[in-house]
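Going down the list, the protein sequences come from chains A and B.
If you read the first sequence in my numbering, its first letter stands for residue 12, the second for the next number, and so on.
If you read the second sequence in my numbering, its first letter stands for residue 38, the second for the next number, and so on.
It should be emphasised that the hints constitute simulated quantities derived from the structure, not laboratory data.
Remember, it's a predicted structure, so these values are computed and weren't measured experimentally.
It cannot be assumed that every hint is accurate.
[Claimed, not checked] Quick look at which bits of chain A chain B covers, simulated, 3 or more residues with Cβ under 8 Å:
1) 63-69
2) 113-123
[As the list claims (entries may be wrong)] A few chain B residues facing chain A, derived, Cβ under 8 Å:
3) Gly112
4) Met118
5) Arg141
6) Leu158
Ideal placement from N, C-alpha and C gives every residue a C-beta, glycine not left out.
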Amino acid sequence: MFVIVVGGGKVGYYLTRELIGAGHEVVLLEKTRARAVQISDEIGSVVLSRDGTEGSALAEAGANRADIVAAVTGDDEDNLVICQMAKHHFSVKRTIARVNNPKNELLFRHLGVDEIISPTRMILGAIEQDIPVHELLHLADLGSGDLELIEALLTDESPAIGRTSGELPMPEGCTLFAYIRDGKALQVRPETQFRGGDKVIVIGRRECEDALRGTLIGDEEETAAI
Amino acid sequence: MRAVIVGCGRVGASLAASLDRAGHHVLILDIATSAFDRLPTTFSGEAVRGDGTDEDTLVRAGAQGADAFFALTEGDNRNIMAAQVARESLEIGVVVAKINDPVRARAYADLGVATLCRTTLMTDTLLGFLGFTGSGDPPIHHAKEHAHPAEATTGSGPAEPAPGIARTVGEV
Numbered sequence: 012m013f014v015i016v017v018g019g020g021k022v023g024y025y026l027t028r029e030l031i032g033a034g035h036e037v038v039l040l041e042k043t044r045a046r047a048v049q050i051s052d053e054i055g056s057v058v059l060s061r062d063g064t065e066g067s068a069l070a071e072a073g074a075n076r077a078d079i080v081a082a083v084t085g086d087d088e089d090n091l092v093i094c095q096m097a098k099h100h101f102s103v104k105r106t107i108a109r110v111n112n113p114k115n116e117l118l119f120r121h122l123g124v125d126e127i128i129s130p131t132r133m134i135l136g137a138i139e140q141d142i143p144v145h146e147l148l149h150l151a152d153l154g155s156g157d158l159e160l161i162e163a164l165l166t167d168e169s170p171a172i173g174r175t176s177g178e179l180p181m182p183e184g185c186t187l188f189a190y191i192r193d194g195k196a197l198q199v200r201p202e203t204q205f206r207g208g209d210k211v212i213v214i215g216r217r218e219c220e221d222a223l224r225g226t227l228i229g230d231e232e233e234t235a236a237i
Numbered sequence: 038m039r040a041v042i043v044g045c046g047r048v049g050a051s052l053a054a055s056l057d058r059a060g061h062h063v064l065i066l067d068i069a070t071s072a073f074d075r076l077p078t079t080f081s082g083e084a085v086r087g088d089g090t091d092e093d094t095l096v097r098a099g100a101q102g103a104d105a106f107f108a109l110t111e112g113d114n115r116n117i118m119a120a121q122v123a124r125e126s127l128e129i130g131v132v133v134a135k136i137n138d139p140v141r142a143r144a145y146a147d148l149g150v151a152t153l154c155r156t157t158l159m160t161d162t163l164l165g166f167l168g169f170t171g172s173g174d175p176p177i178h179h180a181k182e183h184a185h186p187a188e189a190t191t192g193s194g195p196a197e198p199a200p201g202i203a204r205t206v207g208e209v
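Extracted from the complex, chain A is given alone in its bound form (with noise of 0.2 Å):
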């Protein structure tokens, strides 16, 4: 696999090393002279020192046969850039931004970048998982709309205890589709009835939080009392 890497900051160096130790062919851009110099006196001659944003520097990389092009400079800006430049300048089949601003996610996808790591929002999701809320955790993004992967804690006090999956009231459009009990994922049947510490995954639109909020976790004051 030919892997363009661009950005030497941590992220670019480490990346740019794992792929070589697994035997891929790379290439490595960055800016800052220096930086480069001290990167190709550790790993080897496979940093070029320029722009990747340039149009010009991309193609002296070899974007034009590039597999993947992996935009991981500490700007957001710039790997945009640096991805839209590889898809439609240079025709790279797979590109890869690292986006610090977690608002920029959807914006990224939009535009066409295929693959979108966010650091910022994995280290939020850790954190939050290690908070006992009894609210309902975010696990992921589907696709490009704004359908979403929910994970919802259930207690004792939760008004979904005690009846079936299929008496509860769901907002349109979302659905309980597995849940977690005794560390086994199970799948919810109509007749499947909830118990106090099971996890149910829904998947759902953003825009239904506060209603599944209701059927599943109780009343807003409840929570927030706790």
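Fit chain B to the given chain A structure using the hints.
Okay, now just chain B, sitting in the frame of chain A:
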């Protein structure tokens, strides 16, 4: 008309002042309030400190529904991103980005953003001053309407359906 300008540098401030003087409603953004010193004291539009590539900031400043949007910061890529936010998220029809790299200026015109390239503009002017012919490029590359980036990238789907297609869940 209602115009939004991102970047209160020399060009941004000068354009803002001219449009304002002509009686148009101008909203200008910059990340540094000191940049607004470039505006004339008579400027009656709105000057808002904020990041013009950030959708929330633009919406809060009231950029939605503007007639024209100009991305005129010092950074080519920042201008490209601001312009695409304006076009895709704020649905502003007339969007111009200043891009000093001629390659990117042409590429983004193909992707639906009208671009203005200072490099080409000045080179051609100087060549013309000397009596030579320039690049022949127009001062503003007009956006190509049909080339919507998201549509342009959704290429051909998978040739064969995945093994899970057209089977019941139980069969998979």
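- Return the status of the interface hint for Leu158 (chain B): holds when the least beta-carbon distance to chain A is below 8 Å, violated otherwise. Hint on Leu158 (chain B): violated, closest Cβ of chain A at ~19 Å, above 8 Å.
- When the nearest CB of chain A is found for Met118 (chain B), is that gap smaller than 8 Å? holds (4 Å)
- Message: Using the nearest Cβ pair, does Gly112 (chain B) come within less than 8 Å of chain A?
- Response: holds (7 Å)
- Evaluation of the interface hint that places Arg141 (chain B) against chain A, nearest CB under 8 Å: Cβ of Arg141 (chain B) sits 6 Å from chain A, so the hint holds.
- Item | Outcome, coverage of the region 113-123 of chain A by chain B - at least 3 residues whose beta-carbon is closer than 8 Å to one in that chain | holds (count 5)
- Mind taking a look at whether chain B covers the region 63-69 of chain A? Criterion is 3 or more residues with CB to CB distance under 8 Å. holds (count 4)
Violated hints amount to a single one, hint 6; each of the other numbered hints is respected by the structure.
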